[in-house]
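Number of protein chains: 2
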Amino acid sequence: MRGGDPEALLTSAQAGDRRAIARLISFVERGGDAASAVSRLTWSAARKASLIGLTGAPGAGKSTLTNALVRLVRDKGERVGVLAIDPSSPFTNGAILGDRVRMQDHATDEGVFIRSMATRGHIGGLALATPEAARVLAAVGYPLVLIETVGVGQVEVEIAGAADTTVVVVNPGWGDAVQANKAGLLEVADVFVINKADRPGVAEVRRDLEAMLDMHVAPGPWRPPIVETVAARGEGAAEVWDAISAHRAHLVESGELERRQAKRATAEVREIIVRTIEAKAVAALHAPDGEALCDQVTAGEIDPHAAAESILKNLDA
Amino acid sequence: MRGGDPEALLTSAQAGDRRAIARLISFVERGGDAASAVSRLTWSAARKASLIGLTGAPGAGKSTLTNALVRLVRDKGERVGVLAIDPSSPFTNGAILGDRVRMQDHATDEGVFIRSMATRGHIGGLALATPEAARVLAAVGYPLVLIETVGVGQVEVEIAGAADTTVVVVNPGWGDAVQANKAGLLEVADVFVINKADRPGVAEVRRDLEAMLDMHVAPGPWRPPIVETVAARGEGAAEVWDAISAHRAHLVESGELERRQAKRATAEVREIIVRTIEAKAVAALHAPDGEALCDQVTAGEIDPHAAAESILKNLDA
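Those protein sequences? They're chains E and S, same order as listed. All residue numbers for the first sequence refer to my numbering, where the first residue is 1 and numbers rise by one. All residue numbers for the second sequence refer to my numbering, where the first residue is 1 and numbers rise by one.
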């Protein structure tokens, strides 16, 4: 297999070889047979890894908060992995780094493994690659994984929302940003963080969040708490961690953790099925018959649904 | 068919019945057989509708610019449709309006039809529903359609990027927003607009954009122009329209318009195939056999790939 044998790489990775870890994650990003092989090796042992999602608008301070949480977790002596989902493009063929560079703080600490995930074409691929990458980290000694995504696109929000506990980071002034994906963020939030809480407008955003929670969250044992931070100075990070821990305790006690894990497993099976068939469909589309049908569609002789039906009929046959 | 017969609705819509237009677009949003029926009716006549995409970060002023462009187009006596892709959620079951309300300016003008598209579950559905809705508008007398999307999620950017001409709206200060999806936006941009150009930092953002264009855009007949606007006062809207018109002339002369239309047709066939199979896969997943396999995955007895393989084998059979 190109890039090495997954099983041998996993053994090296478990022995602490960081390049082997990076390669396994690259397999997972690339998709296809190598990704399946890696995923199969890690499922049984790592399927119950602790996943914490962090999401929020660009510039909300997610990376800074992630950085503060990593420091905190390391001070407790626990090992931690970070997956950062970067907006990226087949055009530039790479992720855009930014303040993520600050995470170089942890570059020499072998108890931390940080990785930016690139989309390589279609963001949809990340819905599968991200949990697979998290399991690689869990299988090689990072059982706690922070997953940071930009929280505007729905796919990106869903990726963070597929964690055990999802932290949504907002800022003072959020009240004005009517265009932001408030409803989507509210839906996935287990914990709210008002970051940059040294700026004016904290009371307003808190009131706004409480009102949304009153309106949309059914009374029950867990109401998302709202924690204030100034992540750039590390202020409030311990309180965020306490909220995450309290949420985890709630998940365990209520049986919700198992339900979330079962839901994730089903979602993953579904995603694999769809990707597999999609690959088959794309191949059919670019075969001579498929191209001829598409030409007819372009010419207006048949409509896209008629062409799709013909191609699907051939797929089944 | 629930909600009326698509063919009869189309006849009413073509006679100017706005409720019939709204219903046809609801069909398209909902997906399934009704959506296919509508799409089939409009393909041949409306497949060459003029589509203009507008995208950019939340708060960049896309709706305000759209509003200014609509006014301009109406002053020329042309009819225009607007599709606004709103972040939405199954949780709130509706789109979040905002400054879009301003578009009520045109509420009594029958030469304008404005519609917010809701995602109803999965953003992926919009990749299909948006061009179908645009063709509904084109088929009922709005041959020019503006498609406005929030430009942070990759899917959202792709929807705007699937237009004939895509306008990317940025603001002074964009240089700081390293986290924004610059590469993705750059890739789809045919025209750049620096909106809120009465604020400081215009020269910097222009320099930044020019440098990106120098680096990433191959020398050729079309280099995306950069237009400055203060859309809230209508300033620069005419220049944006001139740039869009110049791009259209370039598309026609170079043959690129036909290439883009052919590419869109193929993408649409692909999208229909994938959605169709996805529905089949979801049904298989929730059948008793599928659920039993997912339970085994959750329990760690088999891995997600093995479960997917079994289900796929049953789908083929």
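Among the hints, erroneous ones may be present.
[Claimed, not checked] Pairs of lysine-lysine, DSS-like flavour, derived with a Cα cap of 25 Å:
1. S:Lys76 to E:Lys313
2. S:Lys313 to E:Lys313
3. S:Lys76 to E:Lys263
4. E:Lys263 to S:Lys48
5. E:Lys76 to E:Lys48
6. S:Lys48 to S:Lys280
7. S:Lys280 to E:Lys280
8. S:Lys263 to E:Lys280
9. S:Lys280 to E:Lys313
10. E:Lys313 to E:Lys48
11. S:Lys76 to S:Lys48
12. S:Lys313 to S:Lys263
13. S:Lys313 to E:Lys280
14. E:Lys313 to E:Lys263
[Stated by the list, open to error] Label-pair distances were calculated between CB atoms; the ranges are:
15. S:Ala107 to E:Glu210: 44 to 54 Å
16. E:Gly173 to S:Ala232: 51 to 61 Å
17. E:Asp198 to S:Glu204: 46 to 56 Å
18. E:Gly234 to S:Lys280: 49 to 59 Å
Worth flagging that the hints you see were computed from the coordinates, not collected in a lab. Given the structure is predicted, the values throughout are model-derived calculations rather than measurements. Quick reminder that beta carbons are idealized off the backbone N, C-alpha and C, glycines included.
Practice task
May I ask which of the numbered hints given earlier this structure violates, with the numbers listed in increasing order?
Solution key: Numbers 1, 3, 4, 6, 10, 12, 14, 15, 16 and 17 - these are the hints that the structure violates, sorted from lowest upward.
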